[in-house]
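Undergrad: As they're listed, the protein sequences go chains A and B. For the first sequence, position 240 (counting from the first letter as 1) is numbered 240 according to this note's numbering, and the numbering increases by one without interruption. For the second sequence, position 168 (counting from the first letter as 1) is numbered 168 according to this note's numbering, and the numbering increases by one without interruption.
Because the hints were derived from the structure by calculation, they are not lab data. Hints may be right or wrong, so weigh each one.
Footprint (simulated), chain B over chain A, 3 or more residues, beta carbon under 8 Å [claimed, not checked]: (1) 100 to 107; (2) 158 to 164; (3) 188 to 197; (4) 214 to 221.
Distance ranges between label pairs, derived from CB positions [as the list claims (entries may be wrong)]: (5) A/D216 to B/E107: 45 to 51 Å; (6) A/E135 to B/I60: 31 to 37 Å; (7) A/E5 to B/F19: 24 to 30 Å; (8) A/P149 to B/M199: 43 to 49 Å.
Values in this document were obtained by computation on a predicted structure and should not be read as measured data. For every residue, glycine included, the Cβ atom is placed at its ideal position computed from N, Cα and C.
Below are the chains, spelled out letter by letter.
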Amino acid sequence: MKSPEVSIAVTDLSLRFPVYGMDAKSLKKNLARVTVGGRLGSSNTGATEVTALSNISFNLRPGDRLGLVGHNGSGKTTLLRALSGAYEPDEGQIEVRGRIAALLDLSLGIDPSATGVDNIRLRGRIAGMSSKEIEDKMDEIAAFSGLGPFLAMPMKTYSAGMQARLAFAVATAVEADVLLMDEWISVGDAEFKKLAHRRLLNLVERAGILVLASHDTQLLRLYCNKVMRMEGGVASEVKDIRRIDELLAAA
Amino acid sequence: MESAQHMLRTGRRGTLFEFSMALRDLAMSWDRRGLAWSLAWHDVVSRYRGSILGPFWITISMGLMVLGIGLLYARLFGISVAEFMPYVAMGIVFFGLMSGTINEGCETFVQARNMLSQTALPMFTFVWRTVLRNLINFAHHAVIIIAVIVVFGLWREMDLLPALGGLLLTVLNLSWISLLVAIASARFRDIPQFVMSVMQFAIFMTPVFWKPDAFPDRHAFLTLNPFYHMLTTIRAPLLGEQADGLSYIVLAIAAVLGWALTFSVFAVTRRRIVHYL
Numbered sequence: 001m002k003s004p005e006v007s008i009a010v011t012d013l014s015l016r017f018p019v020y021g022m023d024a025k026s027l028k029k030n031l032a033r034v035t036v037g038g039r040l041g042s043s044n045t046g047a048t049e050v051t052a053l054s055n056i057s058f059n060l061r062p063g064d065r066l067g068l069v070g071h072n073g074s075g076k077t078t079l080l081r082a083l084s085g086a087y088e089p090d091e092g093q094i095e096v097r098g099r100i101a102a103l104l105d106l107s108l109g110i111d112p113s114a115t116g117v118d119n120i121r122l123r124g125r126i127a128g129m130s131s132k133e134i135e136d137k138m139d140e141i142a143a144f145s146g147l148g149p150f151l152a153m154p155m156k157t158y159s160a161g162m163q164a165r166l167a168f169a170v171a172t173a174v175e176a177d178v179l180l181m182d183e184w185i186s187v188g189d190a191e192f193k194k195l196a197h198r199r200l201l202n203l204v205e206r207a208g209i210l211v212l213a214s215h216d217t218q219l220l221r222l223y224c225n226k227v228m229r230m231e232g233g234v235a236s237e238v239k240d241i242r243r244i245d246e247l248l249a250a251a
Numbered sequence: 001m002e003s004a005q006h007m008l009r010t011g012r013r014g015t016l017f018e019f020s021m022a023l024r025d026l027a028m029s030w031d032r033r034g035l036a037w038s039l040a041w042h043d044v045v046s047r048y049r050g051s052i053l054g055p056f057w058i059t060i061s062m063g064l065m066v067l068g069i070g071l072l073y074a075r076l077f078g079i080s081v082a083e084f085m086p087y088v089a090m091g092i093v094f095f096g097l098m099s100g101t102i103n104e105g106c107e108t109f110v111q112a113r114n115m116l117s118q119t120a121l122p123m124f125t126f127v128w129r130t131v132l133r134n135l136i137n138f139a140h141h142a143v144i145i146i147a148v149i150v151v152f153g154l155w156r157e158m159d160l161l162p163a164l165g166g167l168l169l170t171v172l173n174l175s176w177i178s179l180l181v182a183i184a185s186a187r188f189r190d191i192p193q194f195v196m197s198v199m200q201f202a203i204f205m206t207p208v209f210w211k212p213d214a215f216p217d218r219h220a221f222l223t224l225n226p227f228y229h230m231l232t233t234i235r236a237p238l239l240g241e242q243a244d245g246l247s248y249i250v251l252a253i254a255a256v257l258g259w260a261l262t263f264s265v266f267a268v269t270r271r272r273i274v275h276y277l
């Protein structure tokens, strides 16, 4: 799966969020603005913009494991979502070569009233697998989740831990070249945690590039070989993971 | 997650570029049409999970309405049941497809919020999901139509081909309306209520339950109502009558203009839609 072509190139990326206040979201307000002209206009010109990312540039090659550090709201998740292709840049560009798998939200596309097997199929389709690929992997996913006969039951009958197991098993069944993660995923009981850890490592190894956002520097040291610090939507240079303390101290 | 395994996202580069990106989204949704189908099928299955009859419950309630209105109004209007029952049956079922596709269009993007904000799935996938879901439901309700065709012996004189043409034109039009209200509803939360009121109004203004005999042919009251054209092009041929050729032309023009307009709106708002949600 690892091909020399896998790469991420981000150039001068800026991303702004328009915040549509609850007021601006109502059509009446907008119509009112038209009819009463400038009276409301000055205070109600539509959306306020929040700059979430500004002027970010970096390049990643196969074998790069980038850790993202930064406070809450520094833009880590936004950057991951932009890399996944969900958010469009306002300026600059993002180019990703290779199959992207974004493990940002385990519960994505999970329907609690459907059975475990149905959820595996649905989630697999959303992740870009064909029905054949899913059927091929079904046994493996089922075995890994360890849920056995429960897979034929609706997911709402599962305990929270069982739900997490299944979600994790499906989400990590993808073949990906670029893996995006918001915090290292850690689910289930102690035994499953160990299994999950091994599986995730495996996935990371197969993937060409990993981008992992985390607050846990220990963890980043363990899994990443590069690090980038985000602050208020501005990114530092990409540095070697050994210089993480230096990078954090610079604040 | 793009099939091309190559994703390029850039800032605005002019209107032409926005249109090409919108086209790309459309093409991508075609490449992944299986996903739209799976989602639509899953919607239907999960809505009626645990129920034995599933979507047929709606069919039954439609059937009851057809029976009640067919018998009662036939008497009130002094028309024979054999003439009125198939008429109203088709009216209710086809109008159900129209109002369903448009009303549920409001939810298209709002419902897909989670998926849109963290994957590169094409936005058109969710538009097709809504349209396909309504077609699946419609396929269940078509039982009623088959029933009246058999019971009242319409198969002897019906003309299937123009009806299918009308259905195709109708679905083409419904799709763009559905997308348009989807974008509008994502941005303005009043739109779903507004659309619902319009559709409720439309069911009475359109000859669903009544016959337009009181109007001269091509009266503005009818020709200005898009739902009239949709309904008549499908229903008339099935009743063994000929639909006005004008209606087919109106629908074809509306489909072209409507899609041009809606696609432009989509191209311009595409990168913002995820932020509306």
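Undergrad: What hints, given by number in increasing order, does this structure fail?
TA: Of the numbered hints given earlier, those the structure breaks are 2, 3, 4, 5, listed in rising order.
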